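Asker: These protein sequence lines are chains C, H and D, in that order.
Each residue of the first sequence is one higher than the one before, counting from 1 in my numbering.
Each residue of the second sequence is one higher than the one before, counting from 1 in my numbering.
Each residue of the third sequence is one higher than the one before, counting from 1 in my numbering.
It is worth saying that the hints were derived from the structure and are not from the lab.
Worth double-checking, as some hints may not be accurate.
As the list claims (entries may be wrong) - According to the in silico footprint, chain H covers these stretches of chain C (three or more CB under 8 angstroms from chain H):
hint, segment
1, 75-86
2, 206-216
As the list claims (entries may be wrong) - Some chain H residues well away from chain C (every beta-carbon gap over 10 angstroms; in silico):
hint, residue
3, LEU98
4, GLU100
5, GLU106
6, VAL109
7, GLN128
8, THR239
Everything numeric in this text was worked out from a predicted model, so none of it was measured.
Beta carbons: idealized from backbone N, C-alpha and C, even for Gly.
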Amino acid sequence: MKVLMVIINWINAAVLSGTPLLLATSGEILTEKSGNLNLGVEGQMYMGAIAGLAGAWFTEQWFGVGGIIPLIAAVIFAFLMGCISGLIYAVLTVSLRANQNVTGLTLAIFGTGFARFFGEVLSNKAGGFVAVGRETKGVFSNIDFGKLAEIPVIGTLFFRYNWLVYFALIIAIILGWFLNRTRKGLSLRAVGENPGTADSAGINVTRYKYAATTIGGGLCGLGGLCMSMVSQKGVWQPNCVSGYGWLAIALVIFATWSPLRAIYSSIIFGGLSVMYMRIPIPGLPREIYMMFPYMATIIVLILTSIRQSKEHAQPASTGYNYYREER
Amino acid sequence: MQDAKPAINENVIQMQHICKSFGTVQALSDVHFELKRGEILSLLGENGSGKTTLMNILAGIYFPDAGDIFVNGKHVTIRQPKDAFDLNIGMVHQHFKLVEVFSAAENIVLGLPGKTTINRRALYKHVQEIADQYGFEIDPEKKIYDMSVSEKQTVEIIKALYRGADILILDEPTAVLTPQETDKLFEIMRAMKADQKSIILITHKLNEVLAVSDRVTVLRKGEYIDTVHTKDATIQSLTDMMVGHSVSLAIDRPAPTNVEPILMVQSLTALNQEGTKALDDVSFEANGGEILGIAGISGSGQRELCEAIAGLYPVIGGSILYRNIVDGYEVDENVVGLNPHTIAKKGIALAFVPEDRLGMGLAPSLDMVDNIMLKHYREKKGFFVDRKSPRQIAERLVEELQIVTPDVFTPIRQLSGGNVQKILVGREIDTAPRLLMVAYPVRGLDINSSYTIYNLLNEQKEKGTAVIFVGEDLDVLMEISDRVLVMSSGRVTGIVDPRVTSKQDIGLLMLGQSIDNVKGADAV
Amino acid sequence: MTDQKINKVNAKDQPDIPCPPAQDMRPVMKEPLVRMKKRGVVTTRHKAIVYILGFILALLVGALMLLAVGKNPIIAYRDMAVGSFGTKIASAETVRIAIPLLITSVAVGFAFKMKFWNIGAEGQILAGAVACSYIVIHSINNGNYIPRLPLHLIMVICALIGGALFGFLPAFFKTKWGTNETLFTLMLNYIAIQYVVYLQSLRTWQHPDSSYPKIIDFSTFTDGKVELPRLFGVHIGWIFALIIAVIAYFYLTRTKHGFEISVVGDSMNTARYAGMNTTWIQIRTLLVSGALAGFVGYLQVAGANHTLTETSAGGVGFTAITVAWLAKLNPFVMVPISIFIAMLQKGSLFIQSTMRIPASVADLLTGLILFFMLGCEFFIEYKLVFRGKRNVSHLEQKEVAE
């Protein structure tokens, strides 16, 4: 029974820790489906993290309210900041034809610097460190499901989460539906697979690339919001994203470009990254244990590259910019 | 929109005075074209005659330099493929424009307006209906990557029909089909014709022209030749129009001296990516002091043959023997299975000008000196490269071949195609090869540059090099070559003496007729 | 050469199709408003102007951000310059920051030239640092028995091997199965950092009096043997860095290896055509790239920190990517660029104390500058052609055909 409880609690922690990953992975899947390999997720999450926190904090300061209104402001700010970061990437790679890899890496560096810069400015303004009020913190903590959360096992597995967990799930499901069931989703996938074909079918390649990269960036921004408002409980922490952005890019590969598969992939990776706290392995130093998610990523990368599948593969044009003249 | 009435009522398309040039090469000059409702029209011409370019203009891929297009009597500008769709023009390209990981039905509806979600069941039914109407066999749910070429082609045709195309352009549709599949395609084309659709068939296969079309329009070297009714035409009359009378290009052909075999290819067989035979039992000899021309419709195995000889294409059977001189003795060395480096290490002086200059053969971001160094940077001992001699070679080539470049340190991707080609050919010749292979060396080049290349090849021949010249212009091949090897579908259909063989007979060999059936072609 | 021209067969017997007068027939659709056209040969002057404009714009956007947080950008920029090169000590500190940056840029530059996206320099530095720290710890735990010179020699060798190993792994899997090297190298960064954290927890490595896990100061426990000598106030790593930049330049431009790297990076097919062993070239280059980064690890241990921490690499691996790209992978140009980026970092530390501007402004500015430089490439290669110049715009179709 005790073992079961440990496992149940571990899964609960895995879902919590997997949520920012799921949001960022969904965002990156959307971006890559348009043929843009954006390596800047880490930076985008940082930008979303600080923007969300700043949004909540300023709303509290200016309007003197806590709770739902700062929450809305945080969501809007984080999403918009993520969109802006995606837009920067799109302008450089789609319109100005810059190398996708370098642009993404620069975005990662820029975004990290951006967040730390404004994070510290904000801390100075707040007199030392930024923290949102208790009420706002409350709306980012677990939703009160009342009796439901008390049900043994089921309660812990399904009803002890904050709203972002459910939100991320819904986003992933909507994204899956969009990509697989809708006309625009089909067009977007065509753009990522074969922009020349999409172009000749009358699809506006540029518009799709811009839209997907911008909204994808917005989702990464929400992933960052999750890190600053939930994981760090509304306190600014200069290392708050700590590699989750890079894990998200790897997760896209693990989830084979499917938002639905990203759901369980993110829970697995979330589980791996909190495993050392939940399931001690005798004789294994904790510090070595903490390498697990990274080692797992490498193993996944190698295995997926060995077993190439036509269907579950990176969109064929990913990484290459499209010029109509080379049609 | 103006309401101009077409001159001839049933004309659905009229193209007038169409001109199009690519750089210095005139691809189309003052070409006329017309298509009637409910007819199958063959557009006939050799490679490079401009037939695909003309149709690409109609499909919105290229924009003409001059000329007017009328569709159903209206003067139109077709700027992009979507404009062509809107005018109900659909084109099935030789290289299919399909998304590999999508199903047939998904490819068919791609980019079309409609409801937010796709009702796949209704879509499959609709696609099936169109297919049944014309007699296509298709599984709408099948993924493209699981399909054979003929299935992919079917998807392309249905895609065009689904978009309401009344005018369908098929670019060499039978090139990839088996005879049975071809017959089926023709039946479908007749069914579409019965449905008042107009079809343009781009082809160079005369028997197909005669079998299926109502009228034939012939282009030659970017010019309009004539349009005739198929019932009035014969293979002979069409061949005459297509290849024209032999035109004197005044390319020198010095008499071969000291002819001796250098390369012996025996029963060479290789597979392409689809697993069918790209080379099928190819045997021939290339002699020093001679130019061996290789003629054939593009894609008949020329590229694979050259790359196999150069050690760049895997071979599944046969041998490539190269007559090498080791310590004064002649040794026949089999180079099958060796890579370019090991071939060179054996002291085999082989030079190769590949078809795709900037993709293979040259490094486009590097300058001329470095590109010249590519072939012999290993020769000097030690850790460092020596740019002195390649630089000298580069400067000499610039002068001798009149290469237009700011200096020899300019990245070659900034240079024009003709100059790039001169660099490549110049470099290969400069290695003093005993065997020189050139694939389409004058493609995209202007007349002067072309003649420079011809002269270089002749010089090599006179030096005793065995030259293999893969070309597409029969006139050139017949004037410069001492022997012409004709390929069709990966096989050698004949090796003939161009001095005594007619152009028409070579044309028949290119179309896959065996040499015994071609009178006048002497096996050499 | 013959002077004769081809006797063109003139189009004949064309059916006389009545052609409606052109001006009555307006085309239904128009040409696009703006289209891009390749410039062809680009002059150095044009390049310089575009780059300088881009740089100024980047600084302007940076200034706007400073203004947004209520700081005077002019004073901030001035103070950054003063803070990085105003005094002798400041200059020494700036150079000290530039040393690992320069060598690491050279290291990643090798891989980038081959279009191999090695973003794992951070991990390779740490791998080198860990490897040479093992030697130091071993020596200390056995009575500090290795003399100065052999100690350094063994440290260097171990550092090179450690870095090279971390470069080899992704290269091996990439050449064998096409494994994504970007993420592979990146994950190795985290593994290396985590490993250093593990070492800090080991009794044999720990500082006895420290309240938190920390590796001992190597200098104290080796009687200073581990310290690199100084010259002009900076450890002699700067001499190594300059020598490496020079050698790297000649390696890339004058040696067979360097030539192979360029060709493989430009066109894999052409490399095969020229008989190059592309697999070995990639693995070899990553061994060199990793080993150089490993050497940085040695310099950080022996020159800068005299200990090992998880921040021994301190983001150098990432900043080096920007340096390498800004320098267009030219090792000589990397020298001033890495000094410039070091100025930004040192200067930002200075204005942090004088103006309370966060030091992360350095990363912000670095990112901005690279963004603008990336944008500049477009305006160097292309120019915009506006509607109405029909004749001009169609000449470019040439590029399509070739």
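Asker: Determine for every hint whether it applies to the structure shown.
Answerer: Status of the hints after comparison with the structure:
1. 75-86: violated (count 0)
2. 206-216: violated (count 0)
3. LEU98: 6 angstroms, violated
4. GLU100: 7 angstroms, violated
5. GLU106: Per Cβ check, GLU106(H) is inside 10 angstroms of chain C; nearest 6 angstroms; violated.
6. VAL109: 7 angstroms, violated
7. GLN128: Holds, because the least Cβ-Cβ distance between GLN128(H) and chain C comes to about 19 angstroms, which exceeds 10 angstroms.
8. THR239: Correct as stated: the minimum Cβ-Cβ distance to chain C is 34 angstroms, above 10 angstroms.
Hint compliance for this structure: hints 1, 2, 3, 4, 5 and 6 are broken, all remaining hints hold.
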